[in-house]
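Visitor: Take a look at the letters that make up each chain.
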Amino acid sequence: MRGAREGSISAADSIKEAVAKSKEIQKKYSPFITINEKAEASRTKGRLYGLAVSVKDNICTKGLQTTAGSKILEGYIPPFDATCIEKIKNEGATIIGKTAQDEFGFGTFSVNTQLSIPKNPSDAERTCGGSSGGAGCITAAADFPHVAIAESTGGSITAPAAFTGTIGLTPTYGRVSRYGLVDYSNSMDKIGVLGNRVHDCALMLSIIAGHDPLDSTSSELPTEDFTKYLNADLKGVKIGLPKEYFSEGVDKRISKNVRDKAALLESLGAKCEEMSLPSTPYAIPSYYLIAVSEASTNLAKYCGLRYGLQKDITGNFDEYFTKVRTEGFGEEAKRRIILGTFARMAGFRDKYYFKALRIRATIIKEFKQAFKKYDALITPSMPVVPPKFSDIKNLTPLQNYYMDILTTAPNMAGMPTISMPVEKVDGLPVGMQIIADQFKEGNLIKIAHKFEVSA
Amino acid sequence: MADYWKIDKKLMDRICAVARLTLTEKEKDMYAKQLSDVLEAFKQIDGIESKESPAFHSVTVENVWREDVAKKTDWEPLGNSKHKENGYFKGPRIV
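Protein chains in written order, with this note's numbering: chain A, 1 to 455; chain B, 1 to 95.
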């Protein structure tokens, strides 16, 4: 980026090369739903001048198809940019393509889609994780300067980062404007970043963060230059290891790798100790009940009239909407619509939805209590190594949901996280998740960067 | 409603009508079975008493108000629709 700005590298050549290489990668691993054939270098010589950026397909990009991985949005060409896209374009970034994902973000392996399914560059028979699987895939495969903009609701940045050996930064809820994001679960969706260097993630977050009048849930807290947390000292930093995140359901080899890294952080000046977050086992059911309730409401707007899949108008309102929705939504989207509609129905609402919201309050309280004592917590990112597609096929929906066991609690509590690659297991990438208190992304950058340069 | 944690076929029909989805009998059986399994596991939340107020958001969110003043956009709202007439979306008949 600096080279492009100072003229030693041609931004036009770098973008041309990034697109050409992306096409080659697409043939092998399918990270994209759409490649931006018209991508060209920006004329704005900002902080991202000459940088190729891929964008998860649930974030609106002006003039470039945005499907959120769903057939019901196939062909939708947004007439506007999401706020985060406008911000990176204003700094000179170029969008090279839209990355593959589970439909609307409904999944952990990027297989719940009728569009593109990304394959893991470490082993093409395995998943890249989800739901931002395409973002993880292209970040791992790209041998050109590149950063991915992605999104997480319950772990959709951490999972692909862990499974592809990349870095995934999920900011605090409200830190980045959601304007222009195709909503999954409004109270949990967060736009974030995947990259190969902590510096790149910190810089990108500095650019996309900040209040936006177009998103009433975006925080009014002043944003920061997060790169100032690079090269910090870890002396006096307190880190907790919540024992529930190293439980029986987690591959022991992954747990060991993460515990080894705690020892490394101690040698760098941090103080690490085991602690407990006792409500953790309740995170999965309460997360899913909240997520599907909000999702089923959000998906009510897809009726085949204004954008995306549209049929010839026949029958009455109900008949037409039902026809389009039945054809356009995939299997998992229907499953979540059904479960969410059920959980919100009169007579069931208190039992499911409100109970889940109360549990969320308990989980937030527990995290807040922990962060009075600790600057950050570390855990494994995912409980398993990236599974094979052939094994994923045999998982029940319930088994699929429980793969998110380490990511749902911080996500539903709005806590920022970063996933860092640690030693491989069976030659496959695995990750360590660092969790900080709300709006303390600086602590994540500080620890992750020191870890990156020392590991 | 004796068992909250079960979706039977009759309830499935009611849900599909609300959600505007048509399912085949085979799909109804599949979803009813899978979701009953999911709900059986989610019964777990009965095991925790929480006296906290429901957290609709993870962070404090306040209502935001603005003046009700029309603003011009520089984009065409009908641009993605093939169902339009005289500057309006054209929808199916109501009944």
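These aren't lab readings, by the way, just hints derived from the structure by calculation.
C-beta atoms are modelled at their ideal positions from N, C-alpha and C, and glycine is treated no differently.
It is possible that some hints are incorrect.
To be verified - Sample of chain B residues lacking proximity to chain A, with all beta carbon distances greater than 12 Å (derived):
no.	residue
1	Asp46
2	Asp68
3	Gly79
4	Asn86
Said to hold, decoys possible - Residues from chain A that face chain B, not an exhaustive set, calculated with beta carbons under 7 Å:
no.	residue
5	Phe144
6	Tyr229
7	Leu230
8	Asn231
9	Phe246
10	Val250
11	Lys301
12	Phe321
13	Ile359
14	Phe371
15	Gly414
As the list claims (entries may be wrong) - Calculated pairs, DSS-like style, for lysine-lysine (alpha carbon to alpha carbon, straight line, at most 27 Å):
no.	chain 1	residue 1	chain 2	residue 2
16	A	Lys71	B	Lys84
17	A	Lys351	B	Lys71
18	A	Lys71	B	Lys28
19	A	Lys368	B	Lys51
20	A	Lys311	B	Lys33
21	A	Lys365	A	Lys311
22	A	Lys89	B	Lys28
23	A	Lys365	B	Lys33
24	A	Lys301	B	Lys51
Visitor: Would you mind marking each hint as holding or not holding in the structure?
Guide: Hint-by-hint comparison with the structure:
1. Asp46: The assertion about Asp46(B) is violated, with a minimum of 8 Å to chain A.
2. Asp68: holds, 15 Å
3. Gly79: violated, 5 Å
4. Asn86: Asn86(B) clear of chain A: closest Cβ-Cβ about 15 Å, beyond 12 Å.
5. Phe144: violated, 32 Å
6. Tyr229: Since chain B brings no Cβ nearer than about 21 Å to Tyr229(A), farther than 7 Å, the hint is violated.
7. Leu230: violated, 26 Å
8. Asn231: violated, 29 Å
9. Phe246: violated, 20 Å
10. Val250: Val250(A) check fails; min Cβ-Cβ to chain B is 18 Å, beyond 7 Å.
11. Lys301: For Lys301(A), the interface hint is violated, since the closest Cβ of chain B sits about 11 Å away, which is over 7 Å.
12. Phe321: Hint on Phe321(A): holds, closest Cβ of chain B at ~5 Å, below 7 Å.
13. Ile359: With Cβ-Cβ at 5 Å, under 7 Å, it holds.
14. Phe371: violated, 13 Å
15. Gly414: Holds. Min distance 3 Å.
16. Lys71(A) x Lys84(B): Satisfied, since the Cα-Cα distance of roughly 21 Å is no more than 27 Å.
17. Lys351(A) x Lys71(B): It is violated: about 43 Å lies between the C-alpha atoms, which goes past 27 Å.
18. Lys71(A) x Lys28(B): Judged against 27 Å, a Cα distance of about 21 Å means the pair holds.
19. Lys368(A) x Lys51(B): Holds, at about 17 Å.
20. Lys311(A) x Lys33(B): Measuring from Cα to Cα gives roughly 32 Å; hence the hint is violated.
21. Lys365(A) x Lys311(A): Violated, at about 48 Å.
22. Lys89(A) x Lys28(B): Given pair Lys89(A), Lys28(B) is violated - Cα atoms ~46 Å apart, limit 27 Å.
23. Lys365(A) x Lys33(B): violated, 35 Å
24. Lys301(A) x Lys51(B): violated, 34 Å
Against the hints set out earlier in the document, violations occur for numbers 1, 3, 5, 6, 7, 8, 9, 10, 11, 14, 17, 20, 21, 22, 23, 24.
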